[in-house]
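Each chain sits in its own coordinate frame; assemble them with the hints.
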Amino acid sequence: MAERRTLGAAFALSLVVALAALPHLLTYSQQEILVFLVINVLLVMSYRFLALTGEWSLGHVVMMGVGAYASALAAKRLGFPVPIAMLAGAAVSAAVAWVLSFPLFRMKGFYFLIGSFAAGEVIRLLWKRFRDPFGGPKGLKRIPEIADIEWGVLQVDFFNPVAYYYFCLAVVSLSLWLLWRLERSSIGLTFHAVHWHDGLAASVGVDTRRYRTLALVVASAFAGLSGALFAHYVGAINPTRFNIEEMVYVLTWAIVGGTATFYGPILGVVMLTVLNEVVLRKMGLEQARPLVYGAILIAFVMFLPRGLESVVPRLARLRLRRPGSARA
Amino acid sequence: MTELLLQTIVNATYAASYLALVAVGLVLIFGVMGIINFAHGEFYMLGAYCVVALYADLELPFLLSVAAGLVFVGLVGIATERTLFRPMRDNPLGGLVVSIGLLLILQSLATLGFGVRMEHIPPPSQAVLTLREGVGIPVQRLNVIFAAVLLLGALWLFLHRTRWGFALRASAQDPEAAALQGISMGQASRIAVGIGAALAGVAGALTAPLVRTFPYMGHSVIIAAFIVIIVGGVGSLEGAVLAAVVYAFVHTFVTTFVDGVIADIVGLLLMLAVLIVRPTGLFGSRDRG
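Those sequence lines, one after another, are chains A and B.
Using the numbering used here, count along the first sequence one by one with no gaps and you end on 328.
Using the numbering used here, count along the second sequence one by one with no gaps and you end on 617.
If we strip away everything but chain B, and leave its shape as in the complex, we get (with noise of 0.2 Å):
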């Protein structure tokens, strides 16, 4: 029983890892735009695709290939905010549905591209480290957690230490006042939208070996970052953060020790229950839109 339980708090741990890239950025660009990204579990499908191509089909080193899923979903994504997300700036109907429009096209391409079938990615590394008897954690897993801390250490770093960090928390906290204040709201956003996409396309890219890879992979992620955002208080980065602690841990044990669909269950009732009692979630304290 012990085994079980540690075990399930490795999984538990690896889980929010990428839950919290995918989470961090959407929250990022809500705060900045006032958008919510209905297509970022595209960006993290693309992410996945990123290896897909690269390491799976052209057989280049993994970590390129991960390198190479940041910086193209990253592209993707500063693409997206000139053209679709900056019409659309604090104006939350017409950004759900234009990102609803942009889901609907990269599932597509990803369906004319790859075909709808799952692919078969051989991980990288097949070792797996025992913590102790009957504890066991994929090096690969590992990698993931390791991967998550490091880049969201570096935003951290970067929004708090960096003057481009000073301009994007103040344009999350008030656009008009940080626009007053001689801050390119459009480079704002730019940057905003482009570190967003690029983590859930990191995110992806890291996972892709040991999750499902196919073109719908990302809802299964959006409803769980949804449920993050919401927990964790729109708007609120470490509230992001620790909302997939506890959604991932709750999610995990849920499915370890009664089922899977129950567990889906338990999430969304969770996040129900916090737009009830606290709508600007856990953590948040301030409401936009």
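Next comes chain A alone, as it looks inside the complex (with noise of 0.2 Å):
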């Protein structure tokens, strides 16, 4: 026991050190990709956190959106420091989800699904629609960046990837923190029955819509969150950012990684931003991505529906088995 948490110790601080490292051995423009992996990292994890509750939402990536615009906003227009901007933005995800909880959770399944699709794509109409303040088809310009920081010797410059890489890990590390502790309360273990027995937790008096609302609400508050990361980072946003295209490679990271265990989507999101950026870039296919992303979806769902995660335990066992073969 003491020596398993001696090696849990041991491979986090290993994690730790490799993570702060990672960006010096990188490129510029491989810096950015690790700036938007992290806060995909937060996107796709917060997913997961909806789809533990059994419900697929399409309108996941709108959410973002709506952290990103009301974080822009509320920087832009209201003169907000950006990092309580970034919060703010975080806030009205939660409350939009919020209201759109109501209608929402008369469905289930893939009446939900669809629903959920309408919803997004109403409130992507409305940024279209409306100019003013959304900007529009054109979406916001030159969202303010966060301050830089001049305290004598330390100067940090957030437009630089490097910082705000740390930064971005430090907002994810402790969102993912937060939603593993949600998810290992007695609040998770309520959202695994209302997944797999809503009627058998309804009739022992668990209030399943109000857990479902909870998981919307908290889902879309760190998807909010992650809209936010990317809106002051690339400093412009605009519907077609926040579109079912985009929500569609979110799936894929969802489906590909598996959501059953905590680091199934992030293996999932790890993986295809190495097969997109590492691969398709240096064979120059980046015109096949959907193509590829397409053959992947199917492949993963006809051959290996549990995705990624479900061949780490084998391969675990794989290795074990080796030396204890005799034993066995």
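Hints are computed from structural coordinates only; laboratory data are not their basis.
Cβ atoms here follow ideal geometry from the backbone N, Cα and C, with glycine treated the same way.
Zero decoy hints are in this set.
Partial list, computed: chain B residues near chain A (C-beta under 8 Å):
(1) 589
(2) 599
(3) 600
Stretches of chain B that chain A covers, calculated by requiring three or more beta carbons in the stretch to come under 8 Å of a beta carbon on chain A:
(4) 414 to 424
(5) 432 to 441
What follows is the structure, encoded as structure tokens:
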């Protein structure tokens, strides 16, 4: 037991060191991709949080957009300091999700999927239609970045991808820790019950609707936070950035990685980003990206429906069996 | 004002006709297989590109190109059923994901084959039929309306007057009971997806000279078709046709008298309202999946 704990601590420590060292081993453009990767990890993990209750949404990327727009407007129009604006963005996302939960949770399964898509499209069309304050089809530009820090020796310019990477890494790690705590609490267990036995859960007095709403609101808040992180780094957002195509990418990450474990979606988004940026870009096949994603989606659903995460224990067992095969 | 009103009615009828073709195919596939085909808009797009390749590029007769579109997309549908949909029968999430995968693949193939640019297709007929002073309909649009009525009539006869039609309706109503009666589910699925895809393909082929033909043209069509099948009640063919008419009229009128984006919003809100109040649709009675 104690041995395992040391092993776990050693693993955690090496992970921290690796994540801290990582940007210094990359080129400038790879550092930028790394920033997006960290933001996408938060996006797909918040998506998984909703999936815990068994509902699959097609409006999650729009909730990311709600956070992005709200945070950008809070900083630009209302003059909020950027970190406060980001929190405001997450809060607005949560509030919009709470309002949407009333119509959407009258539906389940496939109807929820279509309903969430429709609700998302309505929000996207509102951004497109109302030039003031959303900027219409061209979106918002010149979104303020985080103010530079200049405390004597400590000088940080958040326009630099490495600095922004560390900032995102801190925000995302904290968010993931919160999501992890929630999942491991009795709330997470209730989500499990709502997913697999909602009738039974309701019969023992669980307000399943309330738990579904909680999952949607929390998931949307973190999606909104990821959108805010995105908006203040890129500096420009528009309705197209949050369309169904982007949603399909999130869906692909979740399906490729799997959603049963905490690390599954992270595995999915990391693997596909590497495939995207390293393999496809090197081979000059970026045009074929949707083709590759489509083929991957189909292949995984047909042949590995539980995702890459289902391969990991098998690999681990294989590794363990080798020295111990005489015993078995 | 009367002219504008009448003209809008004419335009809405045209929109309803090709939308009904697309939506009926979608309902047929869902009814028999329990799968919502997200790639249905891409079947429509493939039909349009058949016309681009055969009529605009090779200068074959328009009617022949449309027929080729119907057959080709029908065959694509049959191949899709065998390889992708059959393993996902009655697995809504799996079916959703494979059809999204297919959507991405077909879009990429169209982009790689024809480029992302909009295709210019010279309309086979420039004639405009004048109904009265200030109200007219291009013959090309009129042909779409005729073709839709003809094809939907033929489909109705097929479903209500032939053995295979009975088999198809039985499989949609109760797959297990149908299978127990000796109906081959594989065969029923193949026919349903084949016909459904062919209808989308022919709608795309017929409207290719009238709309903007480009690899992502399926997007707006699939959203409209989703609204139609939800409002009509998933699984109800008659409901889909009626809902196509309702939606086309609402959308065309709001577009004409307010603006296009508001019309899209109204359409989506209509669907949300139906989902909230009566999830089985205005004309549907059954809930599947």
